[in-house]
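Residue numbers (my numbering), protein chains in the order written: chain D, 97 to 332; chain B, 345 to 594; chain C, 4 to 263.
Some hints here could point you the wrong way.
[To be verified] Taking lysine to any residue and the SDA-like style, the derived pairs with C-alpha atoms no more than 25 Å apart in a straight line are:
hint : chain 1 : residue 1 : chain 2 : residue 2
1    : B       : Lys-457   : C       : Ala-146
2    : C       : Lys-88    : D       : Ile-104
3    : B       : Lys-416   : C       : Gln-130
4    : C       : Lys-19    : D       : Arg-159
5    : B       : Lys-370   : B       : Glu-517
6    : B       : Lys-370   : B       : Asn-358
7    : B       : Lys-417   : C       : Phe-145
8    : B       : Lys-575   : B       : Leu-366
9    : B       : Lys-370   : B       : Arg-585
10   : B       : Lys-412   : B       : Ala-367
11   : B       : Lys-416   : C       : Pro-54
12   : C       : Lys-88    : D       : Ala-102
13   : C       : Lys-88    : D       : Trp-292
14   : C       : Lys-88    : C       : Leu-78
15   : C       : Lys-19    : D       : Ile-104
16   : B       : Lys-470   : B       : Ile-529
17   : D       : Lys-321   : D       : Met-196
[Claimed, not checked] Derived CB-CB ranges, DEER-like:
hint : chain 1 : residue 1 : chain 2 : residue 2 : range
18   : C       : Gly-129   : B       : Phe-355   : 16 to 24 Å
19   : D       : Ala-317   : C       : Val-29    : 37 to 45 Å
20   : B       : Arg-585   : C       : Gly-40    : 55 to 63 Å
In case anyone wonders, no lab produced these hints; they're calculated from the structure.
Where a beta carbon is used, it is the ideal one built from N, C-alpha and C, also for glycine.
The primary structure of each chain is shown beneath.
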Amino acid sequence: MKLDPAFIWTAFIQLLSAVPTTLELTAVSVLCGLLIGTAAALVRIYRVPVLHPLASAYVTFIRGTPMLTHLLLIMFGLPMIIDSVAEGLGLPFRSVSIPMIGFAFISFSITAGAYMSEVVRSGILAVNRGQFEAAYSIGMTTPQLLRRIVLPQAFASALPNLSSAVIGTMHSTTLAFIASVVEINAKAQIVASTNWKFFEAYIAAALLFWGLTIAVERLTALLEKRIHIYNRGGVA
Amino acid sequence: MIRLTQIRKSFGRNEVLKGIDLAVEKGEVVVILGPSGSGKTTLLRCINYLEKPNGGEITIGDLTVHCKHPSKKDIHRLRGKTAMVFQQYNLFRHKTALENVMEGLVVVHKVPKEEARRRSAELLEKVGLGDKLNAYPSELSGGQQQRVGIARALALNPEVILLDEPTSALDPELVGEVLAVIRKIAKEGITMIIVTHEMGFAQDVASRVVFMDQGVIVEEGKPSELFRSPKEERTKQFLQRITPEGVYSI
Amino acid sequence: MGTPFDITYVFDYFVKLLPSLRITLVIVEFSLLIGLGVGLIVALPRLYRIPVLQRFSQVYVSFFRGTPILIQLFLFYYGLPEMLKLVHLDVSKVPALYFVIFAYALNSGAYLSEAIRGAVVSVDRGQVEAAYAIGMTGYQSFARIVLPQALALALPVFANHTLAHLKDTSLAFSLGIMELTGKAQTLPTMSRHFIESYLSLAAIYFIICIVLEKLFAVVERRLFRHEGGSVKAGKAVGGLKRLSRRFPAGLDLPKEGARS
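Just chain D, with the same shape it has in the complex (with noise of 0.2 Å):
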């Protein structure tokens, strides 16, 4: 076999230059696929009069298609749209301005923000209806009520999920290189045909996606650890 596996070592310093555009992703659309996730999941719990529907269009459209046609969708539409509103409002800004990467930031978190509604219900719908009471009858507001009983609960139960959703969006990051943003699949694509050792590239880049993954899981288990101190560790 024509295997050169001193290469792979090679090929994985050269991906390394793009973990952080991968990171980068991965974080901006999980932090803003969770606000948005939240604020659809507090929509669909407290059945907000106009906005529930739309949350729940949103969600099962965005879970009932691929995230590719996701990122299509916004590539081709979003110009389109930010074009005719910018015209029509007279404004000076047009979407040639956006970078390429704006695009994949606000696609996968669209996405995100579909799966991580699910979570944050999830772990919402999983802490005791008697939190609740017991936090009205002592004359809490709801807003006081969920930002210090309910959501610290909420994450705690949701912490395998949440894992979960931070690690699928991560993966996910690799259609970026449509958008021509060389994280670390577009960067081992690079990497591949210049120097055409194309299986070696992708076992580096492989490598790569599996140690960050692991390193994300043990941090969770690390985190779950903490949390479940006060918890009567329920789950697992």
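Assemble chains B and C onto chain D, guided by the hints.
Frame of chain D, contents of chains B and C only:
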């Protein structure tokens, strides 16, 4: 006919059975009593090898199994001669009552399906569930499920039926119907070893009662003798705790 | 992007995309089928705690759940021919589709093995004891008692995975496969009506997902009919869902989005 010789069992460092000797003749109904942790359930589960004894011998009829190095075949034959009724019924959830009773006949004893169906229906009639042949366990009450369990055990025509606290998981008002069935088959001469807490039942049905504590058999005898005048101190203490009115001491 | 939006193109492209649905479904079908077999083989060593093989299974699952599927696709597309050259098999003429199905199958195998494992472990131990007590052999008790119940328990997880898998097939275009997404990208080359193409693409995926969901719901109802009410089914399923997110083996990994 059933002979247990020096049965030993340890879970890790905890020795649960410290050398049990027990003989059960055909047609006898032996009830094993004892506090929790005495090893009575473990002993029962050793007989059909759901627990693996660490030492001793089990003889059922013409089969003797040496527990230190049993062969797979021996274990299989042992299970062929015994049947068990579980505390949690353990009916096969995805099969109807009739199918549950038929399962052993068809799969293990290779009885043709029609014959198995006929025999199983008869047995279910016998335990009073003739109208529930096609019901799933989830549709039956605890007492009904346990009676199916008894029918399932009977279907295999075993040399002995092992009953592990058959009524402990039941609501009080359902206990009676299960005990009635057990009483009925005892009268027919089926050999049984029963672990139970039902004192009144034990007195009524048992031909012999065995009291176990901390992994040894403390005392055994006819129910009338053991309950009225227990010889050992530990037996007395146990009986006092369970049925304060049943024991007379001088 | 220049050309104004024209809704008629959406319907037009919808119809033009449908033939490619076949390829997408073929990929899903075969990779799931093979994946189920792979999943079963991978799950068994861990269920029966076979010493060396158990480790292999763990590593296998960890790898396929710990790396992005796109990378796996490229890895097998480029790597498998190289590896097969070692055993003197020249697969350079084999269409890319086979590699793609193979890669997806291995990937599914990892997820499905976890689903199977979780389901088998969820089957009440008492059922197995009763099976042994009436004299069944290990094989008989597994095949007749454990497996049927485990399959029913695993169904919701399997359904989830199927839907996710369907969406993952969209990545196959990067290897030149003309499944739905690939076709949707080539259709507007002349007309420049990209957004309309992608809208109809989204619509097709969405509809298929809904259809599949409904189908699975029907199957689930049938499989759980022995449980009497959806209460029991829900409880069993809830327990299993939690199992699929566990971390104890240290290497239990999920992928794309929250898969609970």
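Here is what the structure says about each hint:
1. Lys-457/B - Ala-146/C: Satisfied, since the Cα-Cα distance of roughly 19 Å is no more than 25 Å.
2. Lys-88/C - Ile-104/D: With Cα atoms ~19 Å apart, Lys-88/C and Ile-104/D stay inside 25 Å; holds.
3. Lys-416/B - Gln-130/C: holds, 21 Å
4. Lys-19/C - Arg-159/D: The given pair, whose Cα atoms are some 24 Å apart, holds under the 25 Å limit.
5. Lys-370/B - Glu-517/B: violated, 32 Å
6. Lys-370/B - Asn-358/B: Roughly 33 Å between the alpha carbons, so the hint for Lys-370/B and Asn-358/B is violated.
7. Lys-417/B - Phe-145/C: holds, 18 Å
8. Lys-575/B - Leu-366/B: Satisfied, since the Cα-Cα distance of roughly 18 Å is no more than 25 Å.
9. Lys-370/B - Arg-585/B: The given pair, whose Cα atoms are some 32 Å apart, is violated under the 25 Å limit.
10. Lys-412/B - Ala-367/B: holds, 20 Å
11. Lys-416/B - Pro-54/C: The hint holds at about 21 Å.
12. Lys-88/C - Ala-102/D: holds, 20 Å
13. Lys-88/C - Trp-292/D: Distance of about 17 Å is within 25 Å: holds.
14. Lys-88/C - Leu-78/C: holds, 15 Å
15. Lys-19/C - Ile-104/D: violated, 43 Å
16. Lys-470/B - Ile-529/B: Between Lys-470/B and Ile-529/B the Cα gap is close to 10 Å, so the pair holds against 25 Å.
17. Lys-321/D - Met-196/D: It is violated: about 40 Å lies between the C-alpha atoms, which goes past 25 Å.
18. Gly-129/C - Phe-355/B: 16 to 24 Å: holds, 19 Å
19. Ala-317/D - Val-29/C: 37 to 45 Å: holds, 40 Å
20. Arg-585/B - Gly-40/C: 55 to 63 Å: holds, 58 Å
Violated hints, in rising order: 5, 6, 9, 15 and 17; the structure is consistent with all others.
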